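Start from the sequences and build out the full structure, keeping to the hints where you can.
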Amino acid sequence: MINIQNVHKSFGPKKVLSGVSLEIPTGDTFCIIGKSGCGKSVLIKNIVGLLTPDEGQIEIDGKIISSLNQKELFKLRRKFGFVFQGAALFDSYNIFDNVVIGLYEHGERSTVYLESEGKRVLSAVGLLPNISENDTSFFQKEWESLRERKPSDLSGGMRKRVGVARALVGNPEYVFYDEPTTGLDPVTSEQIDLLIADLADKLNVTSIVITHDMFSVSKIADNLAMLDDGKVHFTGSTEEFEKSTDPVVRDFLERYRAEGF
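In case it helps, the working numbering puts the sequence shown at residues 13 to 273.
Just so you know, these hints were derived from the structure itself, not from any lab.
Fair warning: this is a prediction, and the values are worked out from it, not measured in the lab.
It is possible that some hints are incorrect.
Computed list of lysine-lysine pairs in DSSO-like fashion (alpha-carbon distance at most 30 Å, straight line) [unchecked claim]: (1) LYS243 x LYS75; (2) LYS75 x LYS87; (3) LYS231 x LYS57.
Derived CB-CB ranges, DEER-like [said to hold, decoys possible]: (4) LYS27 x GLY168: 33 to 41 Å; (5) GLU35 x ASP213: 16 to 24 Å; (6) LEU62 x ARG121: 24 to 32 Å; (7) ARG267 x ILE113: 37 to 45 Å; (8) ARG121 x GLN152: 18 to 26 Å; (9) VAL124 x ARG161: 18 to 26 Å; (10) TYR125 x GLU160: 16 to 24 Å.
Using N, Cα and C, we set each Cβ at its ideal position, and we do this for glycine too.
See the structure below:
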């Protein structure tokens, strides 16, 4: 479980988080929503230890993030997968190197294991066929074709899938998605939504999704929290959110619909 207690975070005079408290149950696909600038991405960076709260604490699996030394934090992060908003692939690396770089940075040097993980996660996100359903020679041909390609050779949707594949390497228990459908066309966005839901179901991971896309939320979320003015304004199911009479919730939904989504 992720337990967030009274977290505050400021950058100079600008206060971004003003006492955020949340519990994210194990196995949930939990969406954190809100308008631009409300602190969604800052919150997720505090959760994974990229930022440190000014006040309050974040506890994951019984460990308080801000109290861990660097070695302990790196060990805990091996339970995390992170999908960045723009995929954040390394342009000069091929697909295989992009996917397994985390394992390599943690000291893994077995080429057999690295290749096995690369094949597994790229199959999981639909960029390679399922080995069990295709003959070995066909799979190997597809693998050799894909692994050497560069990010510049891929569509936006494929780059996003590679980013998700990288996050799945090493079988993380928690996968964090920062605006996973931003910049994608509606069809590709829906494909990524379906992928997130499918992976959460098949891999039994806890998924935390930062988004402002209510269409995505309706497709993938078990529960959600809405941030407003640096605080948690609402927590509950998507059905409860959409039926809420709270004026801040209604304003958010009406603005979202008015923009044509």
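Comparing the hints with the structure gives:
1. A hinted pair counts as satisfied when its Cα atoms are at most 30 Å apart, and LYS243 with LYS75 qualifies at roughly 23 Å.
2. Simply put, LYS75 and LYS87 have alpha-carbon atoms about 11 Å apart, close enough for the 30 Å limit, and the pair holds.
3. Under the criterion of a C-alpha separation no larger than 30 Å, the hint pairing LYS231 with LYS57 is consistent with the structure, at around 24 Å.
4. Taking 33 to 41 Å as the suggested C-beta distance range, the pair LYS27 and GLY168 conforms, at roughly 34 Å.
5. Range check, GLU35 to ASP213: Cβ separation about 22 Å, and the 16 to 24 Å hint holds.
6. Remark: the range hint 24 to 32 Å for LEU62 to ARG121 is upheld by a beta-carbon distance near 26 Å.
7. Roughly 39 Å separates the CB atoms of ARG267 and ILE113, a value that falls within the hinted 37 to 45 Å.
8. A hinted range of 18 to 26 Å for the beta carbons of ARG121 and GLN152 is consistent with their spacing of about 23 Å.
9. Evaluation of the 18 to 26 Å hint for VAL124 and ARG161 yields a pass: the beta carbon distance comes to about 22 Å.
10. The hint said 16 to 24 Å for the Cβ distance between TYR125 and GLU160, and at roughly 19 Å that hint holds.
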